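Use the sequences and the hints to build the structure in full.
For the sequence shown, our numbering begins at 12 and goes up steadily by one.
These aren't lab readings, by the way, just hints derived from the structure by calculation. Treat the numbers as computed from the prediction; the structure is a model and nothing was measured. No residue lacks a Cβ here, since even glycine has one placed at the ideal position from N, Cα and C. One should not assume that every hint holds.
Stated by the list, open to error - In silico SDA-like pairs for lysine to any residue, Cα to Cα no more than 20 Å straight-line:
(1) Lys-22 / Ala-59
(2) Lys-22 / Val-63
(3) Lys-22 / Gly-55
(4) Lys-22 / Ala-45
(5) Lys-22 / Pro-38
(6) Lys-22 / Thr-62
Claimed, not checked - The calculated label-pair distances, taken between Cβ atoms and stated as ranges, are:
(7) Leu-74 / Ser-17: 34 to 40 Å
(8) Val-12 / Glu-61: 17 to 23 Å
(9) Lys-22 / Arg-65: 18 to 24 Å
(10) Ser-17 / Pro-68: 17 to 23 Å
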Amino acid sequence: VVGIASNGGGKQALETVQRLLRELCAPPHGLTPAQVVGIASHDGGKQALETVHRLLPVLCDPLYGLTPAQ
Numbered sequence: 012v013v014g015i016a017s018n019g020g021g022k023q024a025l026e027t028v029q030r031l032l033r034e035l036c037a038p039p040h041g042l043t044p045a046q047v048v049g050i051a052s053h054d055g056g057k058q059a060l061e062t063v064h065r066l067l068p069v070l071c072d073p074l075y076g077l078t079p080a081q
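Okay, here's the thing in structure tokens:
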């Protein structure tokens with residue numbers, strides 16, 4: 012929590028983690044809590060989490076062939 016809060020936009024990133032953590036860790040996203048924290052722990056974490064939430068299922072489609080870890 013401190014790692015997320017100590018970056019620029021930490022408040023917004025923490026609020027976004029609170030809002031999206033369960034969804035990001037459940038199918039079809041399938042991220043681990045550690046992966047979500049890793050995304051949120053950088054400047055722009057809120058925007059990154061929202062983008063991952065929106066695009067991860069699309070990018071993991073066979074058309075693109077990516078995995079959540081990538």
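Tested hints:
For the hint linking Lys-22 to Ala-59, the alpha-carbon distance of about 14 Å falls within 20 Å, and the restraint holds. Between Lys-22 and Val-63 the CA atoms are separated by roughly 18 Å; this keeps the pair inside 20 Å, and the hint holds. With a CA separation close to 11 Å, the supplied pair Lys-22 and Gly-55 stays within the 20 Å bound. For the given pair, Lys-22 sits about 18 Å from Ala-45 by alpha-carbon distance, which is consistent with the 20 Å threshold.
At roughly 26 Å between alpha-carbon atoms, Lys-22 and Pro-38 are farther apart than 20 Å, so this suggested pair is violated. Taking the CA atoms of Lys-22 and Thr-62, the gap is about 18 Å. The hint holds against a cut of 20 Å. Leu-74 and Ser-17 have their C-beta atoms about 38 Å apart, which keeps the hinted 34 to 40 Å range intact. As the Cβ distance of Val-12 to Glu-61 is approximately 19 Å, the hint placing it in 17 to 23 Å holds.
At about 21 Å, the CB distance of Lys-22 to Arg-65 agrees with the hint of 18 to 24 Å. Checked against the given bound of 17 to 23 Å, the beta carbons of Ser-17 and Pro-68, roughly 30 Å apart, lie outside it.
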